[in-house]
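**Student:** Each chain is listed here by its residues.
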Amino acid sequence: MSPRTALLALAEILAWWAALTVLWLVLISTVDTLELAVGAGAAGAAAVAARAARRAVSGP
Amino acid sequence: MADAVIVVALLLVAGSATAAVAVRDPVRQALVLAVLGVALAVLFTVLQAPDVALSQLAVGSVLTPLLLLLTVRKVKRRGQRKGREQ
Amino acid sequence: MNGWTLTAALVLGGGVGATLWGVATGPLRRRVVAQNLSTALACPALLLLSQGYDRPSYVDLALVLALLGPVGTLVFARLLSGELAGDPPRAQGVTWAAAGLGAAVVLALCVAVGPGRAMAKLLVVGALLVGGNLVASRALSGGFREVSRG
Amino acid sequence: MNRRTRLWLVAAGGGGLAVLLVAACLELPAFGGASHPYGDRAVRASLSRHTANTIASVNFDQRAYDTLGEMTILFAAVLGCVVLLRQTRDEHRARPEPEEVAPPVRRYALVVLPVALLTGLYVIAHGQLSPGGGFQGGVVAATALHLLYLGADYRALERIRPVGRYEVGDAVAASAYVITGLACLIGGTAFLANTVLPYGTFNTLSSGGTVPLLNAAIGMEVACAVVVLLARFLDQAVEIEEESGK
Chain F
1 MSPRTALLAL
11 AEILAWWAAL
21 TVLWLVLIST
31 VDTLELAVGA
41 GAAGAAAVAA
51 RAARRAVSGP
Chain R
1001 MADAVIVVAL
1011 LLVAGSATAA
1021 VAVRDPVRQA
1031 LVLAVLGVAL
1041 AVLFTVLQAP
1051 DVALSQLAVG
1061 SVLTPLLLLL
1071 TVRKVKRRGQ
1081 RKGREQ
Chain U
2001 MNGWTLTAAL
2011 VLGGGVGATL
2021 WGVATGPLRR
2031 RVVAQNLSTA
2041 LACPALLLLS
2051 QGYDRPSYVD
2061 LALVLALLGP
2071 VGTLVFARLL
2081 SGELAGDPPR
2091 AQGVTWAAAG
2101 LGAAVVLALC
2111 VAVGPGRAMA
2121 KLLVVGALLV
2131 GGNLVASRAL
2141 SGGFREVSRG
Chain Z
3001 MNRRTRLWLV
3011 AAGGGGLAVL
3021 LVAACLELPA
3031 FGGASHPYGD
3041 RAVRASLSRH
3051 TANTIASVNF
3061 DQRAYDTLGE
3071 MTILFAAVLG
3081 CVVLLRQTRD
3091 EHRARPEPEE
3101 VAPPVRRYAL
3111 VVLPVALLTG
3121 LYVIAHGQLS
3131 PGGGFQGGVV
3141 AATALHLLYL
3151 GADYRALERI
3161 RPVGRYEVGD
3171 AVAASAYVIT
3181 GLACLIGGTA
3191 FLANTVLPYG
3201 TFNTLSSGGT
3211 VPLLNAAIGM
3221 EVACAVVVLL
3231 ARFLDQAVEI
3241 EEESGK
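Chains as they are written, first to last, in the working numbering: chain F, 1 to 60; chain R, 1001 to 1086; chain U, 2001 to 2150; chain Z, 3001 to 3246.
Just so you know, these hints were derived from the structure itself, not from any lab. Incorrect hints may have been included.
[As the list claims (entries may be wrong)] Lysine to any residue pairs mimicking SDA-like chemistry, simulated, CA-CA at most 20 Å apart:
{"#": "1", "chain 1": "R", "residue 1": "K1074", "chain 2": "Z", "residue 2": "R3155"}
{"#": "2", "chain 1": "R", "residue 1": "K1074", "chain 2": "Z", "residue 2": "R3086"}
{"#": "3", "chain 1": "R", "residue 1": "K1076", "chain 2": "Z", "residue 2": "E3097"}
{"#": "4", "chain 1": "R", "residue 1": "K1074", "chain 2": "Z", "residue 2": "E3241"}
{"#": "5", "chain 1": "R", "residue 1": "K1074", "chain 2": "Z", "residue 2": "E3097"}
{"#": "6", "chain 1": "R", "residue 1": "K1076", "chain 2": "R", "residue 2": "V1023"}
{"#": "7", "chain 1": "R", "residue 1": "K1074", "chain 2": "Z", "residue 2": "A3094"}
{"#": "8", "chain 1": "R", "residue 1": "K1076", "chain 2": "Z", "residue 2": "R3041"}
{"#": "9", "chain 1": "R", "residue 1": "K1076", "chain 2": "Z", "residue 2": "S3207"}
{"#": "10", "chain 1": "R", "residue 1": "K1076", "chain 2": "Z", "residue 2": "A3094"}
{"#": "11", "chain 1": "R", "residue 1": "K1082", "chain 2": "Z", "residue 2": "R3089"}
{"#": "12", "chain 1": "R", "residue 1": "K1076", "chain 2": "Z", "residue 2": "E3243"}
{"#": "13", "chain 1": "R", "residue 1": "K1082", "chain 2": "Z", "residue 2": "Q3236"}
{"#": "14", "chain 1": "R", "residue 1": "K1076", "chain 2": "Z", "residue 2": "D3235"}
{"#": "15", "chain 1": "R", "residue 1": "K1076", "chain 2": "Z", "residue 2": "D3090"}
{"#": "16", "chain 1": "R", "residue 1": "K1074", "chain 2": "Z", "residue 2": "E3239"}
{"#": "17", "chain 1": "R", "residue 1": "K1076", "chain 2": "U", "residue 2": "G2082"}
{"#": "18", "chain 1": "R", "residue 1": "K1082", "chain 2": "Z", "residue 2": "R3155"}
{"#": "19", "chain 1": "R", "residue 1": "K1074", "chain 2": "U", "residue 2": "E2083"}
[Unchecked claim] Derived, one-sided and incomplete: chain F residues facing chain Z with beta-carbon distance under 10 Å:
{"#": "20", "residue": "W16"}
{"#": "21", "residue": "A18"}
{"#": "22", "residue": "L34"}
{"#": "23", "residue": "E35"}
{"#": "24", "residue": "A50"}
Only a predicted model underlies this, so the values are computations on that prediction, with no experimental measurement involved. Beta carbons are placed, not taken as given, at the ideal position from N, Cα and C, and that holds for glycine.
Bound-form chain F, shown alone (with noise of 0.2 Å):
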């Protein structure tokens, strides 16, 4: 894997992280630390999910 490649794959998935970490602020109701860590893990996982599948259906 280039560094070029590496770079596009880690600005994928932090795209999605962001995303999706939103997403989780969107749905709880009362926001604190656990809150935030919990929702940025499965975020996190979401976003590699998100990444596997783009690359299993249209290729790296």
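Chain F is fixed; fit chains R, U and Z onto it per the hints.
**Tutor:** Quick look at chains R, U and Z alone, frame taken from chain F:
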């Protein structure tokens, strides 16, 4: 009058459940079953049981139709194969 | 009983009742459209009930239905593509009507709850609902090319 | 036994059942009354343990042992399914053909997949606070992965779904439930008794003692079980073919 929405939900469940029994073809039955799932979820909601309604939505909207239609597809493929060989 | 639950009862009785009739009778192309509409109408009803009972956590039900309802229609569109290819469903009018009803309900609820996180959640549900049902309707009318298996 | 006798037998049995049901329904308490002996006690117990969603408290605290049984039923059902729907010696795998999907449908699947997965995780994590819990969230999360089959084709789904790992995950999650129960037995008073962990602040993610942990275990178990179950059904419907001539 206060329970109008409960009566409507009960009637929907009774109607869709009867239709699910009356329809004979499994594919069409799966369609009616999907609507029955939604009606049941609404009934559970109006009876203030949202946890059960959520279970019903999760299972009834995708999982049950998918399992049924995959089974129908398998059975049909086997039938086609048998038909070709005879 | 307040205006919200009364409207929900009307949507359920009129809308979902009609789709029940559509799904139980007629040709296959009408039945799949009716199945899609049943989730498109039940989801606004659940939102109205959530507001009527004054229970914001009930919005989760509508959220799950807005996500999974169109996916359920995709199941039918995908696995019945062979049967539907010869006789594709045409239901632009009712689909857009249901989408309009969903959007109207979401907007009315947004006005009722006022700006805030709850309103953003309602808008997310509304976007998923309307977008999902339009895509599911598109999938029914020729979203999948007929293949022997796959 | 001829047809006529069988019909009479069914009519007699059905009639008897109907009479008993009607008799039982006449004795039921009226619909929507104000007296809820079980509900009042369940709510009191759940509030004393800082669990906002009483249903989660009933499922994972007051009657956690029942839930262990239900989880075992699902586990056994999926195990039986895996054994029954395996590829037998007279069957072979045909490569699934790619499917042509309309671009809007494919884009929808790719966007909704992570959103549905996140919603599933949200429902699992907030099981003790709002409606939902491990079972509902697990099913939603597992369904999310199958959007790849619906919006693309089976080969795309197979690329992101190593079934073996989900089988391991299923077993690990089931054991995690039992291990939590044993930890309660060792550190507290009884098997699955919610007395080990602090109950936390009411209506936050960490409230309810062991309820969130058991919820997470059930969520993982159900998600993995549904994925494995659907994998067996999809294999049979899409890939596995009987050898010709059999």
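**Student:** Now tell me, hint by hint, if it's right for this structure.
**Tutor:** Now for the hints, and whether the structure bears them out:
1. R:K1074 <-> Z:R3155: Status holds; Cα separation ~18 Å.
2. R:K1074 <-> Z:R3086: Holds, at about 14 Å.
3. R:K1076 <-> Z:E3097: holds (18 Å)
4. R:K1074 <-> Z:E3241: Distance ~9 Å between K1074 (chain R) and E3241 (chain Z) Cα, so the pair holds.
5. R:K1074 <-> Z:E3097: Distance of about 16 Å is within 20 Å: holds.
6. R:K1076 <-> R:V1023: holds (19 Å)
7. R:K1074 <-> Z:A3094: holds (13 Å)
8. R:K1076 <-> Z:R3041: Measuring from Cα to Cα gives roughly 53 Å; hence the hint is violated.
9. R:K1076 <-> Z:S3207: Not OK: K1076 (chain R) and S3207 (chain Z) at ~51 Å, beyond 20 Å, violated.
10. R:K1076 <-> Z:A3094: Distance ~16 Å between K1076 (chain R) and A3094 (chain Z) Cα, so the pair holds.
11. R:K1082 <-> Z:R3089: The given pair, whose Cα atoms are some 19 Å apart, holds under the 20 Å limit.
12. R:K1076 <-> Z:E3243: holds (16 Å)
13. R:K1082 <-> Z:Q3236: holds (17 Å)
14. R:K1076 <-> Z:D3235: holds (15 Å)
15. R:K1076 <-> Z:D3090: holds (19 Å)
16. R:K1074 <-> Z:E3239: OK: K1074 (chain R) and E3239 (chain Z) at ~10 Å, within 20 Å.
17. R:K1076 <-> U:G2082: Holds, at about 12 Å.
18. R:K1082 <-> Z:R3155: violated (27 Å)
19. R:K1074 <-> U:E2083: Distance of about 15 Å is within 20 Å: holds.
20. W16: holds (6 Å)
21. A18: This hint is violated: A18 (chain F) lies away from chain Z, its Cβ roughly 12 Å from the closest one there, beyond 10 Å.
22. L34: Result: holds, 5 Å to nearest chain Z Cβ.
23. E35: holds (5 Å)
24. A50: holds (4 Å)
In summary, the structure is inconsistent with hints 8, 9, 18 and 21 from the numbered list given earlier, while agreeing with the others.
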